[in-house]
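These protein sequences, in sequence, are chains A and B. Our numbering puts the first sequence at residues 1 to 255. Our numbering puts the second sequence at residues 1 to 255.
These aren't lab readings, by the way, just hints derived from the structure by calculation. Don't be surprised by glycine CBs; every beta carbon is placed ideally from N, CA and C. There could be a bad hint or two in this list.
One-sided excerpt, in silico: chain A residues whose CB lies under 10 Å from chain B [claimed, not checked]:
{"hint": "1", "residue": "Ala4"}
{"hint": "2", "residue": "Ile6"}
{"hint": "3", "residue": "Arg14"}
{"hint": "4", "residue": "Gln84"}
{"hint": "5", "residue": "Ser100"}
{"hint": "6", "residue": "Thr174"}
{"hint": "7", "residue": "Arg249"}
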Amino acid sequence: MTTAQIRFLSLVRREVNRFMKIKRQTVGAPLLETFLYISVFGAALGSRIKTLHGFDYVVFVIPGLIMMAWAINAFSNNASSILQQKFQRAIDDQLSSPASPRELLLAFSSGGFIRGMLVAVLTFTASSFLVDLPVEHPLVLIPALFLVGFFFAQAGVLIGVRAEQFDDVSFAQTFVLQPLIFLGGVFYSASLLPEPFQTLTHFNPIYYMINLVRYGFLGYTEANIALSLGLLTLVTGALFTLNYRLFARGWKLRA
Amino acid sequence: MAHALEITDLTKRYPTGTEALRGVSLDIESGEFFGLLGPNGAGKSTLIHCTTGLAQPTGGSIRVFGHDAIDHYEEARLAVGLAPQEPNLDFFLTCEETLDYHGGYFGMPRKERRERSKELLDAFSLTSKKDERTRTLSGGMKRRLILARALMHRPRLLILDEPTAGVDVELRLELWQYVQKINSEGTTILLTTHYLEEADELCDRIAFIGAGQIAATGSAEELATEYGVTSLEDAYLALVGRKELSRAHIVDEVP
Numbered sequence: 001m002t003t004a005q006i007r008f009l010s011l012v013r014r015e016v017n018r019f020m021k022i023k024r025q026t027v028g029a030p031l032l033e034t035f036l037y038i039s040v041f042g043a044a045l046g047s048r049i050k051t052l053h054g055f056d057y058v059v060f061v062i063p064g065l066i067m068m069a070w071a072i073n074a075f076s077n078n079a080s081s082i083l084q085q086k087f088q089r090a091i092d093d094q095l096s097s098p099a100s101p102r103e104l105l106l107a108f109s110s111g112g113f114i115r116g117m118l119v120a121v122l123t124f125t126a127s128s129f130l131v132d133l134p135v136e137h138p139l140v141l142i143p144a145l146f147l148v149g150f151f152f153a154q155a156g157v158l159i160g161v162r163a164e165q166f167d168d169v170s171f172a173q174t175f176v177l178q179p180l181i182f183l184g185g186v187f188y189s190a191s192l193l194p195e196p197f198q199t200l201t202h203f204n205p206i207y208y209m210i211n212l213v214r215y216g217f218l219g220y221t222e223a224n225i226a227l228s229l230g231l232l233t234l235v236t237g238a239l240f241t242l243n244y245r246l247f248a249r250g251w252k253l254r255a
Numbered sequence: 001m002a003h004a005l006e007i008t009d010l011t012k013r014y015p016t017g018t019e020a021l022r023g024v025s026l027d028i029e030s031g032e033f034f035g036l037l038g039p040n041g042a043g044k045s046t047l048i049h050c051t052t053g054l055a056q057p058t059g060g061s062i063r064v065f066g067h068d069a070i071d072h073y074e075e076a077r078l079a080v081g082l083a084p085q086e087p088n089l090d091f092f093l094t095c096e097e098t099l100d101y102h103g104g105y106f107g108m109p110r111k112e113r114r115e116r117s118k119e120l121l122d123a124f125s126l127t128s129k130k131d132e133r134t135r136t137l138s139g140g141m142k143r144r145l146i147l148a149r150a151l152m153h154r155p156r157l158l159i160l161d162e163p164t165a166g167v168d169v170e171l172r173l174e175l176w177q178y179v180q181k182i183n184s185e186g187t188t189i190l191l192t193t194h195y196l197e198e199a200d201e202l203c204d205r206i207a208f209i210g211a212g213q214i215a216a217t218g219s220a221e222e223l224a225t226e227y228g229v230t231s232l233e234d235a236y237l238a239l240v241g242r243k244e245l246s247r248a249h250i251v252d253e254v255p
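One chain only, chain A, in its complex shape:
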């Protein structure tokens, strides 16, 4: 293994180690939360709705919940981890190492990405035992989930670096991220909304992410798949480039 590989793996190990040391909070709690959603919206509400576009309501909802779990965990993990390290100035140990801005950015992104993936995979596995969840288009599903995870991992890094206090992180999560996810159609089909809400939903980028993931699982979509995948790749690339430039400048990290 080269020196650079050892360095990068150590940076990643630190991020994974952090969330695994508090796994009740970082893995257990999101899993419970997702299953509460499945119980409430699937079992309780589902008994009244029956089917949506030909799918059991609970089956219609689960793809969005899996995407939401990955997105929120990727975001909140990275934002909290970076802010905590900034507070303690423990981050100086990584910043004064020979690691390049690219290595630091990818390593700080990895913790949330891996945590999100873990919660998503566990949710998928457990859901598969409870309901018959198809995977119609894995070649769309896997890249879509990876892009969503990477996008929110980058968003978490950006907010964590920018944040001065924990309130800044919870503000972004509670007042921006969660409303966008909830209003993007995790629990319903946007085609059922009255105007102008149906049109407004089309301005929500998360609507396209949910459609991609739902298409991957169920084969059902309300948005153009190729266009959505292309746009998601584009915005994820743009966010990574922005973060890379900020890391290279040392923005809010180096005096």
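Based on these hints, arrange chain B on the given structure of chain A.
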């Protein structure tokens, strides 16, 4: 042979407009024990942060054993170990993990990390605490761990930023002994301190820094001669313009 540290015309202006360093030039020879003295806000920590990548210089150059420390910093950073002023340990990690990750950030293979961390935990009487999280350590233990972490990757230049601030007499003497030992084994040391007797006792040469500029450099005796006084303390008081605080007359009056 290249200097251990060669700083040329270094300037640092913070975004607030504060000029922390105003054209600092400084050479430290390989194997030297070098002291940097100056009042709070003189630019000591900024100089150290510029050398270790925690601050980005506005102008000038820094070379560590001939390697550029600003733009192509990998070799320079590998050669530097930093024990910062404020304990900045990662509360999620144990003592052993703190050393192991640090070694990893500097590219040390696993076997070497294991051996080196064991050696340092022994040397700093921390073996019994190796599996304890860093937040449970006493102040003195934190100081020792920070020094052990700085030494983990066997740096050729060790930077100690006020290492004995707030520590008890036994630990201060213990730290003195240790740093003298590693200096005698060839490690170059840059020490900042507010304890003049510490600089007097340990350092081969000392630089006075005030208002972001080097005011004088030399041995303790040379500095006293330069300021026309008889001790390092009086030379320092002359630097900061507080000659009236001199205790020289008290010594003179003792029969």
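query: Hint by hint, which ones does this structure get wrong, listed from lowest number up?
result: 6
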